[in-house]
Amino acid sequence: MSRIREAFTNGKAFIPFITCGDPDLETTKRIVEAAAANGADLIELGIPFSDPTAEGPVIQGANLRALTGGATTDKIFDLVGQIRQNVTIPMVFMTYANVVYSYGAERFCQRAHAVGIDGLILPDVPFEEKSDFDRACQDNDLDLISMIAPTSENRIAMIAREASGFIYLVSSLGVTGVRSTITTDIGAMVKIVRENTDVPCAVGFGISTPEQAAKMAQASDGAIVGSAIIRIIEQYGKDAPEHVGAYIRQMKDALRDLR
Amino acid sequence: MTNSRGRFGIHGGQYIPETLMNAVIELEEAYNHYKDDPDFNRELQTLLNEYAGRPSRLYFARKMTEDLGGAKIYLKREDLNHTGAHKINNVLGQALLAKKMGKTRLIAETGAGQHGVATATAAALMGMECVVFMGEEDTKRQALNVYRMRLLGATVIPVTTGTATLKDAVSEAFREWTSRISDTHYCLGSVMGPHPFPTIVRDFQAVISREIKEQMQEKEGRLPDAVLACVGGGSNAIGSFYHFIEDENVRLIGCEAAGRGVSTKETAATIATGSLGIFHGMKSYFCQDEYGQIAPVYSISAGLDYPGIGPEHAYLHDLGRAEYVPVTDEEAVEAFEYLSRTEGIIPAIESAHAVSYAMKLAKELGPDKTLVITISGRGDKDCAAIARYRGEDISE
Chain A
1 MSRIREAFTN GKAFIPFITC GDPDLETTKR IVEAAAANGA DLIELGIPFS DPTAEGPVIQ
61 GANLRALTGG ATTDKIFDLV GQIRQNVTIP MVFMTYANVV YSYGAERFCQ RAHAVGIDGL
121 ILPDVPFEEK SDFDRACQDN DLDLISMIAP TSENRIAMIA REASGFIYLV SSLGVTGVRS
181 TITTDIGAMV KIVRENTDVP CAVGFGISTP EQAAKMAQAS DGAIVGSAII RIIEQYGKDA
241 PEHVGAYIRQ MKDALRDLR
Chain B
1001 MTNSRGRFGI HGGQYIPETL MNAVIELEEA YNHYKDDPDF NRELQTLLNE YAGRPSRLYF
1061 ARKMTEDLGG AKIYLKREDL NHTGAHKINN VLGQALLAKK MGKTRLIAET GAGQHGVATA
1121 TAAALMGMEC VVFMGEEDTK RQALNVYRMR LLGATVIPVT TGTATLKDAV SEAFREWTSR
1181 ISDTHYCLGS VMGPHPFPTI VRDFQAVISR EIKEQMQEKE GRLPDAVLAC VGGGSNAIGS
1241 FYHFIEDENV RLIGCEAAGR GVSTKETAAT IATGSLGIFH GMKSYFCQDE YGQIAPVYSI
1301 SAGLDYPGIG PEHAYLHDLG RAEYVPVTDE EAVEAFEYLS RTEGIIPAIE SAHAVSYAMK
1361 LAKELGPDKT LVITISGRGD KDCAAIARYR GEDISE
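Chains A and B supply the protein sequences, listed in that same order.
In terms of my numbering, the first sequence opens at residue 1 and continues consecutively.
In terms of my numbering, the second sequence opens at residue 1001 and continues consecutively.
Chain A on its own, in the form it takes in the complex (with noise of 0.2 Å):
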């Protein structure tokens, strides 16, 4: 069993997004380690992007301040190495198919793959574009995972069959970001992922509160939070692990009772 699938093996999962070097990387150490010990059960990693196209302001924001701020690949990699002496739960990627790109699919992988992350989300790399990337990642013992969107309708299955890891589950059209109502038929989306694979499968996309975490975790096997918790680390920098770590301890508490 892959590290990703034991995410899913304590309730629903909580899964929460940071940006790398948002304020700063010594900050993203301690934050990683605080949703750790709150109840995170598989962490995505922002590594930044200057354009990045799938994200609203808010991430968008972090992209910026991560950037200006000396943020590198490489100086993320050493960081997640750092983390990784203390911090067992499943980490995967997320980040821009040029990032990866740029720096040698198979020299990314297995530079992820030695610093002990698990997996790669690359939000403009969808089914027909992953010959690029998944024999690299496959060579590295690192799951691509995929997405599946509101509109993806007939590809649904098509993509199901050849997940790995789990599955992003976008919830709603348009770009990251907080929102107060969610209206897509998630049941609906989860019931043909469910006829294809065995791949668990994670809500993202506008969640902030524990009442939309708990309602998408229920139609799924659990949710991914970004924009709220880069809120967090906005409003107080240096200071946010504390808050960050008290914001995922109440996510997951809403969700420890799911079945």
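These are calculated hints, taken from the structure and not from any lab test.
Note that CB positions come from ideal geometry on N, CA and C, so glycine has one too.
One should not assume that every hint holds.
Far from chain A by the CB rule (all over 10 Å, computed), these chain B residues [claimed, not checked]:
id, residue
1, Arg1054
2, Thr1065
3, Gln1215
4, Arg1321
To give an idea of the chain A side of the interface with chain B (calculated C-beta under 10 Å), a few residues [said to hold, decoys possible]:
id, residue
5, Pro52
6, Leu67
7, Thr72
8, Val125
9, Ser146
10, Met147
11, Pro150
Fit chain B to the given chain A structure using the hints.
Coordinates of chain B only, in the frame set by chain A:
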């Protein structure tokens, strides 16, 4: 030259969020259906002729030719099209296609504002809603075009993210499309982005080279020795090159914006300074740093101020079939002034990049050769900015 997955050699592809995949598949299917549909083509041809004013003139620049004392210079006058640039060729095609697909709303990115104006124009003509994304920096450089778009009924949204120029406008238009797909067509303005856009835009712009070929036969009874056009994303260039690609004796020359020079960071010359990457839906060449962060490029020309180049150009470069040369701000401004004085034609500052290189090339080629420069747009929009460049502050 396109395979089933929209590749030009290794370039192209569909590197976009899953949310948009069915939208581009639907677009490809609709395009494949309508591109050979006689009614669609008749309707488009009527619009191009009666509304946009095609065919555009191929003008023999006698004074310029005599002054330079080299090759005979012809100007392909896309600046004479309705709305003042080649952009209308593509927009009329895409707007008509979108309408056939049942879309009621067009969104677009714009750099210099010419594509935004063209899209706003087509939307007004066809009774569609229109929203244009434009870098805030560009809304200042091209204030007149912002007003034109609003006059035409479009909403202009200034983009403040990143460098607040064309690349950020493209990113924002993609974000908007991701959030509203069912009634909205993204009317992409250049031969870039995910498949099928580079193919669709090229096909709609290929009218330029089709006409050049016929007009050169009429005037000279032979093909030109070289065709020159400016390249940002590369739509007027691919349109000018396309029907000559098989004619290997015709040199195809794309003129990139070197800004303050290719040895500085203030440049937008992708072929000269970029490397292979994946961005804005396509694999191609991009100006980027060692970690793949897209560079904040610069050019005096808002329309060429883009860190990438269309995938078919990247492929023509790989093949050695087309040449790509950098032209600086200073050279482009000199050509802008030269063409205005010499022929009484004020070219867009984008097109002036091609004029500049043509002035050198004409002398090299010598009198028994001919070359064609595509004047992709008119320069009225640039007058205030060029005056500023020359230290003169004029209010528009």
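Problem - Minimum beta-carbon distance criterion (10 Å), Pro52(A) to chain B - result: Since the shortest Cβ distance to chain B is 8 Å, the answer is holds.
Handout entry: Hint check: 10 Å Cβ-Cβ cutoff, Ser146(A) to chain B
Key = 8 Å, holds
Problem - chain B contact restraint on Met147(A) - CB to CB distance below 10 Å - result: Status holds, d = 5 Å.
Practice task
Report holds if the minimum CB distance from Arg1054(B) to chain A is greater than 10 Å, and violated otherwise.
Solution key: 35 Å, holds
Exercise for the section: Examine each Cβ of chain A, and state whether all of them lie more than 10 Å from the Cβ of Thr1065(B). Expected result: Consistent with the label, Thr1065(B) stays out of reach of chain A, its closest Cβ about 44 Å off (over 10 Å).
Handout entry: Check on Gln1215(B) being off the interface with chain A, judged by Cβ distance over 10 Å
Key = 40 Å, holds
Problem - When the least beta-carbon distance from Leu67(A) to chain B is tested against 10 Å, hint result - result: This hint holds: Leu67(A) lies near chain B, its Cβ roughly 7 Å from the closest one there, short of 10 Å.
Problem - Satisfaction of the Val125(A) interface hint, Cβ to chain B closer than 10 Å - result: 6 Å, holds
Handout entry: Distal placement of Arg1321(B) relative to chain A, Cβ over 10 Å
Key = About 25 Å separates Arg1321(B) from the closest Cβ of chain A, which puts it past 10 Å; holds.
Problem - Hint validity - Pro150(A) Cβ closer than 10 Å to any chain B Cβ - result: 7 Å, holds
Exercise for the section: May I ask you to test the interface hint for Thr72(A) with respect to chain B, counting a Cβ-Cβ separation under 10 Å as satisfied? Expected result: 5 Å, holds
Against the hints set out earlier in the document, no violation occurs for any number.
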